[in-house]
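Student: Residue-level listing of the chains:
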Amino acid sequence: MTLTAWLPALIVLSSAIPGLVIFFLKEEQVAARTLLNMAGATVKLLLVGLLILGIQDHQVFESRLALAPGLELVLHADALSVLLVALSSGLWFVTTIYAIGYLEGSPYRSRFFGFFSLCVSATVGIALAGNLITFVIFYEILTLTTYPLVAHRGTPQATRGARIYLAYTMIGGVLLLAGAVWLQVLAGPVDFIERGMLAALPVERFGQLQAIFFLLIAGLGVKAALVPLHGWLPQAMVAPAPVSALLHAVAVVKAGAFGIVRIVYDVYGVEFAQALGLLTILAVLASITIVYGSVLALLQDGIKKRLAYSTVSQVSYIALGTALFGPLGTIGGLVHLVHQGLMKITLFFGAGNYAETLGIHKVADLDGVGRRMPWTTLAFTIGALGMIGIPPVAGFISKWYLGIGALKAEMDWAILILAVSSLLNAAYFLPLLYRAWFRDPPAAWPKESIPRGALETRASLLVPPLITAALALALGLFAAAPFGVLEWCRLIAAREYGL
Amino acid sequence: MTGAALRAFVTIAIALAAGVLWWVFSLALLEGPGERLAPLAAEALPRSGVGNPVTAVLLNFRAYDTLLELAVLLAAVLGIWASGPPDRGFAPAEIVLAGLVDWLVPLLILAAGYLLWVGGQAPGGAFQAGAMLAAAGVVLRLAGTPRAGLPRGDWQRVLVVAGVAAFLAVGLALMAIGHGFLTYPPGHAKWLILTIETAATLAIGATLAAAYVGGSPPDGPPGEDRA
Amino acid sequence: MIDTLALAITLPLLGALAAVARPRAARAIGLITALVTTAGVAALVIEVAQFGLRRTDLGGWGAPLGIALQADGLAAALLAMTNLVALAVSLYASDYFGDGPIRRHFWPLWLLLWAALNGLFLAADLFNIYVALELVGLAAVALAALTGTREALTASLRYLLASLLGAITYLLGVALLYAAHGTLDLGQLANAIAEGPVAWTALVLMTGGLSIKAALWPMHFWLPPAHGNAPAPVSAALSALVVKAAFYLVLRLWFGLYDTAATLAAAHFLGFLGAGAVLWGSWQALRAERLKRMAAYSTVAQMGYLFLFFPLLAAAEPGAAREDLLAALVLFALSHGFAKAALFLAAGHIQQCAGHDRIAELSGTAQRLPATTFVIALASVTLIGLPPSGAFTAKWLLLSGAIAAGQWWGVLVVLAGTLLAAAYSFRLLGRAFGFEPTPYRCITAVHTEVPALALALTATLGLGLAGDALWTLLQVGGPR
Amino acid sequence: MITALLYTAAGLLLFCLGLWSFLMHRPLLRKLIALNVMGSGVFLVFVALAYRGPEGAPDPVPHALVLTGIVVAVSATALALALGRRLEEAERD
Amino acid sequence: MTPDLVLFDLLLIGALLALASACLFSAELQRAVILFIVFGLLLTLVWARLQAPDVALAEAAIGAGLSGALLLAAARRLARRGGRPEDRP
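Chains as they are written, first to last, in this note's numbering: chain A, 1 to 499; chain B, 500 to 726; chain C, 727 to 1206; chain D, 1207 to 1299; chain E, 1300 to 1388.
Keep in mind the hints are simulated off the structure, nothing from the lab. The model shown is predicted, which means the values in this text are computed figures rather than measured ones. Heads up, some of the hints might be wrong.
[As the list claims (entries may be wrong)] Among the chain B residues that face chain D by a calculated CB cut under 10 Å, a handful are: (1) Ala514; (2) Ala516; (3) Ala517; (4) Pro538; (5) Val617; (6) Gly619; (7) Leu693; (8) Thr694; (9) Leu707.
[What the hints assert, rightly or not] Chain B is nowhere near these chain E residues, computed Cβ spacing over 10 Å in every case: (10) Leu1311; (11) Ser1320; (12) Leu1356; (13) Ala1357; (14) Gly1364.
[What the hints assert, rightly or not] Part of the chain B face toward chain D, derived, beta carbon under 10 Å: (15) Ile513; (16) Gly531; (17) Ala537; (18) Thr554; (19) Leu569; (20) Leu572; (21) Ile579; (22) Met674; (23) Ile676; (24) Gly677; (25) Ala710; (26) Gly713.
C-beta atoms are modelled at their ideal positions from N, C-alpha and C, and glycine is treated no differently.
Looking at chain A on its own, in the form it has when it is part of the complex:
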């Protein structure tokens, strides 16, 4: 047994095993739990580093397990999977630190961290899935492991939110399952291969392939929060902030978006999808979602709700990029997968810090918070500016490539969408920043639970957003660096178009 056959499985297990052990820890074994969490996160990061090095060395990493004849669990690391694996492993590390600080002293932490780890394992599994059934398996496991996290607080709103979340994702899962099985009946085992494998099928099956595409997109669209399948996302905001951060940045919505990318590029093949006329429809769906999400975000007065609708809108950039035929659009969508993750998690960390430290939940309460919590607000500002697409934050790069991609794909109307969306982004983010920096603070904060010490809040809450904000900034500033994310995405795009 060589490392190449085990590494993908080890990457999944490096968080799953600590997760399972954590369930059986007693509530007050804080040290053991923290050790397990951090050890798992560190080991996973190291393993991912090993993986990236190996891939640059042209090694093939693949773990296989037969479930039944013709049904194999395949974990395979290709350039695209590395993107999501690296993102989720990195952000998991940071979020774990954040969650340890955030949940300090609150009950049921063993349960929380257990599912938290399993949830990341599922995401990594989705990233590394080498064929459709493996993707479906981890996609469903992700549903199961995030449900307890959404319900974690145990309040009536939390259980209600979790129930709505479950209903949406279960229906999505069933649609995905139906589509996946149908596709496999038509085409045999569906491996994820660059440029897809379906174009070789006889023409009379194209109609069925179109139907299957919509089943798959509907199934994935639930998690990717494509309108009108997004209804669960604002409800799931009841979860603790680290969960929201993870759900929105790397886990659930990203799983859906990543799935769409996989289906278009590695199952259908982008050229074949274009030939079937599927990309235009996807682009329209994504555009509607982008605008709709932004408009609704504008109407929210809760910070987390506003961020939630912003996610609805921003994740569809990835789908839009996927639907823009041509390598530039692809690059735009793919880098946004990473950029949106970094920026959105920063924003959620910031929102979590406001809530945890000062009890601020509403936009209206943000007045003058920049003076009380300058570092948090700085990070929050970087995230927000990136979302709007202001250079030099990473979000600019995404929108730039999407815009050019739209031109190349001769979908000029998509530029209009991007412009409208950016305006709306500005309209709902800038007032926040204005309040935070330029309004006077109130006499008393709504509920100041962490008094001001040497730092504005707990170190474990402060460091993570600073890291992610710095990364978001760096990815924008040094976008052209060799072996950077952008270069990596270029490489993927080149392969997917057979360039």
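Following the hints, position chains B, C, D and E against chain A.
Tutor: Just chains B, C, D and E now, with coordinates in the frame of chain A:
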């Protein structure tokens, strides 16, 4: 559907089923293999250790069925025991009846012994003999003996398992010495079968009588068996 | 010469006798017997996997005069599941009944049931199946009545009557086959049976009788009250094993005995009933107010899935596709066996801790018992058919088969059933998150929670990830 | 052969009569009697097909099966009655 | 086969079916049980006719005898209960 319509429907359906069944069974009988297993059984009878072909089937050819059947009987009586203590029984019989019982019970036991013995060669055998024993128990209970002549707790328990136990002991012993489960070695079938039959007779008699008494055997502290 | 086929039946039978004769030691006898029996059956299953088909002629006469026991891959797979579940149930029961009076009644009956189940899986003779079926039925009914409550007794009586009706109908079918072919041996009959009214009528009679025992909708009416009111270990055994044994016989009849004579229309009919079972059972489970009742209705639904395979199997040409379907069917049955047993054991623990099992009032209890709640969650994963359970693999193959055969109604039923199962499972699981204090540790009662956890993990991880081994095992003496 | 056919028909009729009665009646005792009649019907079919004329020795296998069946039937009846008795008691309490 | 024997068979079967019907349709429970016992005894005759003496013996002792005794006891108890619910031994 109303009740009456449903009844009519069921009645018609069953009547139709009866017709179909008769047609099909006639087909099977008329076209069937006529001989079936009879010649095979007749041919194997001399090697079975008994002269009565039915006993040969029950205790040799298909002995395993009989073993399971004794287990069924055991399961039933265990279920009955689990359903609490028995009714108090009947009032003691009057003198005339008691005198009759005094004659009838030994007669039934004798008949049981005879049936058991003769079962090897002629109609009869463990089941019929066991039923005679049980009948003796029924008569006793009707005449006012609440426990129907059955022994107290522990022995009663040993009696009801005796049939299956004898079967298993013989079968497993034969397997241990290399003959295969319930495969009687040539020449030993007769007495092995008789051993099993004797135990089975006692067990069947005790079990059926216990089933008639209809409650747990009186052992353990009073009231313990009452759930 | 050690005959593991005979041991699989005689060992639990011996234990039952000992437990009857020595009621005070019943618990110890029961546990020892459980371990020894499981070990014996493990040896048998390994023999089958290594050396292929095992067959033994009891009494040395050989079919058709004598009775044979036979273990092929299918029998071995079900035996393995049955004995593992039975072992877990035994461990659980050793604690569950405490020192109460039910305990001494439980063990002998339970061991008899166990022996009878092993006997059924190994049976190769139609009449022998009848006797074993009756033994299963009577022992199961007596066990279901153990609690002695009015509901339990009413349910048990109904169960007994349904079971007897099923058995006698089956026996008439046996009489017909004996009349037509003069043998009771399954192997010989399989060669003799040809299409025609005699064969079809016998099949209808036997299938009809067995499907009452397998609780195929709409003949399931007896199941929910009986399984819902029995003591928890008994419910587990009834739902996981007893109905499964009846189903196993239907499978044997249809695809062993009648392979060429079974018609597609009849298979479709069974498939439709299965679809009805899935929808009706799931719907009733969703409406159930009590946890055990919910689990019982879920059994009705899950049995329906098994019958959904029938039209696909009947339509498939012999070959790899058909073997896949058959293996998927067995995988589904095994997964359900493990998961449902785990669910009932967990439900029993909850019932003991809370004093009731009304779902609406279980919020706190579910939260105070993390391991038990975890068991329910894992079992639910299998019942819904989500990965990484064996049921997921099976469902995938079922859907594949249905799509490939163009049976879109089957696809819709499976998908709807999945959603309904998710809905009823999460009615309870959703309540596990509340404000109640969590306990000091995850596992609060070792004897009751660990067996359930082991079963649930087997269903949800073991069979999901190692299901491929089943294909190899089922090759042994596979369907003709 | 005609004897066998006749008695088979009788057995089947008994089976169907019993089935009808089983489905139509609610009381436990009625259902038990009906089941026993059904059982007798099946046994009659078995014994009829074992019959091989006044001279020929009958097939002993069905006879043995019927003997087994009779014992099984009485076991089931006894268990059902015991459960029924206990149910009466439970309902009275 | 002699016609006499066929006539006997027909009579026997007729009586058997008549008894079964009477038993199954009987309005009164105890009566039904007694008819069932008689039915069992007649069945013994049928077994004897069909050259099944072993079955005949078992039927007489178990089928009619013991089952009958069990059913009769249950029917008696029901009848007693039906009359005066409290009046139990």
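Student: Give a verdict on every hint.
Tutor: Hint by hint, here is what the structure shows:
{"no.": "1", "hint": "Ala514", "verdict": "7 Å, holds"}
{"no.": "2", "hint": "Ala516", "verdict": "6 Å, holds"}
{"no.": "3", "hint": "Ala517", "verdict": "4 Å, holds"}
{"no.": "4", "hint": "Pro538", "verdict": "9 Å, holds"}
{"no.": "5", "hint": "Val617", "verdict": "16 Å, violated"}
{"no.": "6", "hint": "Gly619", "verdict": "14 Å, violated"}
{"no.": "7", "hint": "Leu693", "verdict": "17 Å, violated"}
{"no.": "8", "hint": "Thr694", "verdict": "19 Å, violated"}
{"no.": "9", "hint": "Leu707", "verdict": "7 Å, holds"}
{"no.": "10", "hint": "Leu1311", "verdict": "18 Å, holds"}
{"no.": "11", "hint": "Ser1320", "verdict": "13 Å, holds"}
{"no.": "12", "hint": "Leu1356", "verdict": "4 Å, violated"}
{"no.": "13", "hint": "Ala1357", "verdict": "5 Å, violated"}
{"no.": "14", "hint": "Gly1364", "verdict": "6 Å, violated"}
{"no.": "15", "hint": "Ile513", "verdict": "5 Å, holds"}
{"no.": "16", "hint": "Gly531", "verdict": "8 Å, holds"}
{"no.": "17", "hint": "Ala537", "verdict": "4 Å, holds"}
{"no.": "18", "hint": "Thr554", "verdict": "8 Å, holds"}
{"no.": "19", "hint": "Leu569", "verdict": "8 Å, holds"}
{"no.": "20", "hint": "Leu572", "verdict": "5 Å, holds"}
{"no.": "21", "hint": "Ile579", "verdict": "4 Å, holds"}
{"no.": "22", "hint": "Met674", "verdict": "23 Å, violated"}
{"no.": "23", "hint": "Ile676", "verdict": "27 Å, violated"}
{"no.": "24", "hint": "Gly677", "verdict": "28 Å, violated"}
{"no.": "25", "hint": "Ala710", "verdict": "4 Å, holds"}
{"no.": "26", "hint": "Gly713", "verdict": "5 Å, holds"}
Comparing the model with each numbered hint stated earlier shows that hints 5, 6, 7, 8, 12, 13, 14, 22, 23 and 24 do not hold.
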